[in-house]
Amino acid sequence: MGPFKPAIAGDGFAVRLSAFYAALFVTLGIQMPFLPVWLAAKGLDANAIGIVLAAPLILRMVTVPLVTGAADRWGALRGVLIMATATATAGYALLGLTAGFWPILAMMAFASAGFTSTFPLVDAYALKGLASRMRSYGSVRLWGSGAFILGSLGAGSMADLVPATDLIWLMVAASGVMVAASVCLQPMTTGTPAPSPGANLALLRSPAFLAIAAAASLIQASHALYYGFSTLDWTAAGFDGSAIGSLWAIGVIAEIILFAVSGRLPAAFNPAVLLALGAAGAVVRWSVMALNPPVIVLPLLQCLHGLSFGATHLGAVQFIAHAAPERLGATAQGHLAIILGAVMAAFMALSGVLYGAYGARAYAVMAAVALIGGMLALVARRLSRSGALG
Numbered sequence: 254m255g256p257f258k259p260a261i262a263g264d265g266f267a268v269r270l271s272a273f274y275a276a277l278f279v280t281l282g283i284q285m286p287f288l289p290v291w292l293a294a295k296g297l298d299a300n301a302i303g304i305v306l307a308a309p310l311i312l313r314m315v316t317v318p319l320v321t322g323a324a325d326r327w328g329a330l331r332g333v334l335i336m337a338t339a340t341a342t343a344g345y346a347l348l349g350l351t352a353g354f355w356p357i358l359a360m361m362a363f364a365s366a367g368f369t370s371t372f373p374l375v376d377a378y379a380l381k382g383l384a385s386r387m388r389s390y391g392s393v394r395l396w397g398s399g400a401f402i403l404g405s406l407g408a409g410s411m412a413d414l415v416p417a418t419d420l421i422w423l424m425v426a427a428s429g430v431m432v433a434a435s436v437c438l439q440p441m442t443t444g445t446p447a448p449s450p451g452a453n454l455a456l457l458r459s460p461a462f463l464a465i466a467a468a469a470s471l472i473q474a475s476h477a478l479y480y481g482f483s484t485l486d487w488t489a490a491g492f493d494g495s496a497i498g499s500l501w502a503i504g505v506i507a508e509i510i511l512f513a514v515s516g517r518l519p520a521a522f523n524p525a526v527l528l529a530l531g532a533a534g535a536v537v538r539w540s541v542m543a544l545n546p547p548v549i550v551l552p553l554l555q556c557l558h559g560l561s562f563g564a565t566h567l568g569a570v571q572f573i574a575h576a577a578p579e580r581l582g583a584t585a586q587g588h589l590a591i592i593l594g595a596v597m598a599a600f601m602a603l604s605g606v607l608y609g610a611y612g613a614r615a616y617a618v619m620a621a622v623a624l625i626g627g628m629l630a631l632v633a634r635r636l637s638r639s640g641a642l643g
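Quick note on the working numbering: the sequence shown kicks off at 254 and runs consecutively.
Just so you know, the hints here were simulated from the structure itself, not pulled from any lab data. Note that CB positions come from ideal geometry on N, CA and C, so glycine has one too. Heads up, none of these hints are tricks.
Here are the computed distance ranges between Cβ atoms for each label pair:
hint: 1; residue 1: Val315; residue 2: Ala617; range: 27 to 35 Å
hint: 2; residue 1: Pro546; residue 2: Arg326; range: 47 to 55 Å
hint: 3; residue 1: Leu319; residue 2: Ser495; range: 36 to 44 Å
hint: 4; residue 1: Ala496; residue 2: Ala520; range: 38 to 46 Å
All chains should be built: construct the whole structure from the sequences, respecting the hints.
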């Protein structure tokens, strides 16, 4: 490994990273609203859809630590990122040729082994590279959020024109662009020695990390019903694909606004405070959704996504950026992803049962989950006052 060289702010790093985030989130913008629609078109019922959507979240508890740990040990974030995106693309292409619950479940697990590993890898790559260039994470990450809008709107328009069973090929095409964007990322060299095998245990034992991870995982898991079944629910209510894509886009616009101003937020907005704000937005959002609100209210509720997801995500990654030891950035992001994935998987599977039994009223359970997450964020805030959050 060559000697460490100071980063140059105008070297194109942020532009290439923005392009990768855009490609990644176009793929996610197609997948998240419309993969459940494709699964339903393949003959799966609500319970089966919940299991298929939860399985990748369970699998990443094994794959993510292996992948992120290898990236840190080898000092090869970019190389491992390329491998992860290529795996995801191949898996989604094979998924498009698959039929039946068990084959779909198996191929979804394979594709997601790569796709879910991509997120902690690119966040670790971004946080390290942007910090050395004095750039804020939010100013680059917002391009991913903007691309999510394009993906969801584009897929929504296509959903009105093509059979639902063909929506998977939109994901395959977007994933291919993601691979190309990963190849264009700049290599990241460092002279820091590889971490010792037990170096990450201190972070895992930290009360601050555990409080932040628990709060973030519950607040994010409260989105399970929305991610898995809002499109199906709105379709049953008579919304067309364009209207559904627009509703998803409104939520992401709110997220973009928060990311755009995140670099100028006062220091008082520490990770615990951001998580508490995220929990408050989620509690309000899901409580009203449980009441089957009129259509005119839905855009207003979608604006709360800027808090329920955006503030929660920023709080979690900012904590990791400050707390993780050098050369353990990807591993630390992986630890957080494992906890988030485990809790999300449980609630994704539960959401299938809840939605099948209670429909939109199941959002009341999601509001309660977010409330518990908010209470844990207050615990984390007390730790921050004692200096435990750094």
